[in-house]
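> For the record, the sequence lines run as chains A and B.
Number 301 in the numbering used here belongs to position 145 of the first sequence; there are no gaps in the numbering.
Number 240 in the numbering used here belongs to position 239 of the second sequence; there are no gaps in the numbering.
I should point out that these hints are in silico values taken from the structure, not numbers from a laboratory.
Even for Gly, the Cβ is constructed at its ideal location relative to N, Cα and C.
Treat the hints loosely; a few may be bogus.
What the hints assert, rightly or not - Interface residues of chain B toward chain A, partial, derived using beta-carbon atoms under 10 angstroms:
id, residue
1, 85
2, 94
3, 95
4, 98
5, 102
6, 104
7, 108
8, 112
9, 119
10, 127
11, 140
12, 144
13, 148
14, 163
15, 241
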Amino acid sequence: MDVIIESLPQYWDGFLRTLFLAAVSGIIALVVGTLLAAARVSPVAALRGFSMAYVEVVRNTPLTIAFFFAAVVLPRLGVTFQQFEVAAIIALSAYTSAFIAEAVRSGVNSVPVGQAEAARSIGMKFSQVLSLIILPQALRTVVPPLINILIALVKNSSVAGAFFVLELFGYGKQLANDHGDAVMWVLVGVAIFYLLITVPLGYLAHLVERKVAIAR
Amino acid sequence: MFARFFLMTTQLPGDALVSLNAVNKHYGQLHVLKDINLQVRKGEVVVVIGPSGSGKSTLCRAINRLETIDDGDIAIDGKQLPAEGKELARLRADVGMVFQSFNLFAHKTILENVTLGPIKVKGTAKAEADKEAMALLERVGVGHQAPKLPAQLSGGQQQRVAIARALAMKPKVMLFDEPTSALDPEMINEVLDVMIQLAKEGMTMIVVTHEMGFARKAADRVVFMADGQIVEDATPEEFFTNPQSSRAKDFLSKLLTH
Chain A
157 MDVIIESLPQ YWDGFLRTLF LAAVSGIIAL VVGTLLAAAR VSPVAALRGF SMAYVEVVRN
217 TPLTIAFFFA AVVLPRLGVT FQQFEVAAII ALSAYTSAFI AEAVRSGVNS VPVGQAEAAR
277 SIGMKFSQVL SLIILPQALR TVVPPLINIL IALVKNSSVA GAFFVLELFG YGKQLANDHG
337 DAVMWVLVGV AIFYLLITVP LGYLAHLVER KVAIAR
Chain B
2 MFARFFLMTT QLPGDALVSL NAVNKHYGQL HVLKDINLQV RKGEVVVVIG PSGSGKSTLC
62 RAINRLETID DGDIAIDGKQ LPAEGKELAR LRADVGMVFQ SFNLFAHKTI LENVTLGPIK
122 VKGTAKAEAD KEAMALLERV GVGHQAPKLP AQLSGGQQQR VAIARALAMK PKVMLFDEPT
182 SALDPEMINE VLDVMIQLAK EGMTMIVVTH EMGFARKAAD RVVFMADGQI VEDATPEEFF
242 TNPQSSRAKD FLSKLLTH
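Bound-form chain A, shown alone:
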């Protein structure tokens, strides 16, 4: 157990980096995922097709493949980064956005069609109907699944540790090497710091869900 206390500085640094990775990727994924969902319901067939293809491919391939693409294939195509963090953020947000797109789409489908008809009949354009009427209602109904996806994102960010990014899991590996006699406690420490992010997220979901619920 002492190893956890002894290594608090490393844990703390890893914790902050994991938090950073998850927060930045989460924000990007929320934006991109919402745009993908909007494309999926748009009247333009090409946008619908692109969104559907993206979600199908990305959602159904392992995250590790996404990391390989971002960390190994992109640089070969001429997209180079100073830090592996950037590749990790690209991989995590590209991967997570596919799940967010599906969740938001299900939320869009849960908004009664009369809401869109009423909006169209007062003269709103498609983009206004979507941004002012449909998405605000859709996003409220999908808060619980969105938080689930974000919790998964926090845990998925540990894959970055295998791609030379020193986040919580990366430090975990390092500490396990340094303290071969206390590997179990090292990993318990890692788990505790993950829980520090994910458990509050779950409570946040509960709070937000009650706060934004809309009565019909």
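Based on these hints, arrange chain B on the given structure of chain A.
Chain B only, in chain A's frame:
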């Protein structure tokens, strides 16, 4: 019927605000609108009645293109209804629509429901939109509900807000798609009263309804539809006392015996 006398004199004959010519629509095999021709003059109140499944709601929804049509044309104030896009949105702003299920924006307050169109579609300043919306809400008798959410209002109140929301766009014509069919009986009159008031003020209205009392009281013309066709088009007086078709006679006899 009321303000109509002076309006009629200012209108040239055949000067239609809403004009449907040879409109056809199919749902797969089902021919829901069969060669519909209908002209509605400015200030006229046209009530569309008929048995369920006769196509009257589809007709109403086709006028602001919530339903597409297969052929024929529909014009509002001389302008052809365009296909999807900005043009259509602009034309829809001139056509107020009131739905059977109210369809108030569930996440917006009553006041926001009414001001959203003027602010976002017409670019009206918020302060002015608020003022006009409050006046409209007072007019339909729900001014004191302005800060509430739709779900906190009764059906009758919600439907009156929906009318105010449509009026806020200053439409040329108002479409009502069975506005009282989802209401409890004791709330029907509060909505009909608002509609009768509108008719008196000279609003052009196309009303799909089962309320024969409203048709008698406020309509200039009654259009009777059955099986996707307009079977009769007459004044309420003529239609209710002397229907021509057996279909209309049958329909009316069923109403009267209950």
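> Now, for every hint given, state plainly whether the structure supports it.
Results of checking the hints against the structure:
1. 85: With Cβ-Cβ at 6 angstroms, under 10 angstroms, it holds.
2. 94: 3 angstroms, holds
3. 95: Holds, about 8 angstroms.
4. 98: Where the cut-off is 10 angstroms and the nearest Cβ of chain A is about 4 angstroms from residue 98(B), the hint holds.
5. 102: 5 angstroms, holds
6. 104: Holds, about 4 angstroms.
7. 108: With a closest approach of 5 angstroms, the residue 108(B) hint holds.
8. 112: Cβ of residue 112(B) sits 15 angstroms from chain A, so the hint is violated.
9. 119: Check passed: Cβ of residue 119(B) comes within 9 angstroms of chain A, closer than 10 angstroms.
10. 127: 14 angstroms, violated
11. 140: Because about 18 angstroms separates residue 140(B) from the closest Cβ in chain A, which is outside the 10 angstroms limit, the hint is violated.
12. 144: 20 angstroms, violated
13. 148: 15 angstroms, violated
14. 163: With Cβ-Cβ at 8 angstroms, under 10 angstroms, it holds.
15. 241: 31 angstroms, violated
Of the numbered hints stated above, those contradicted by the structure are hints 8, 10, 11, 12, 13, 15, listed in ascending order.
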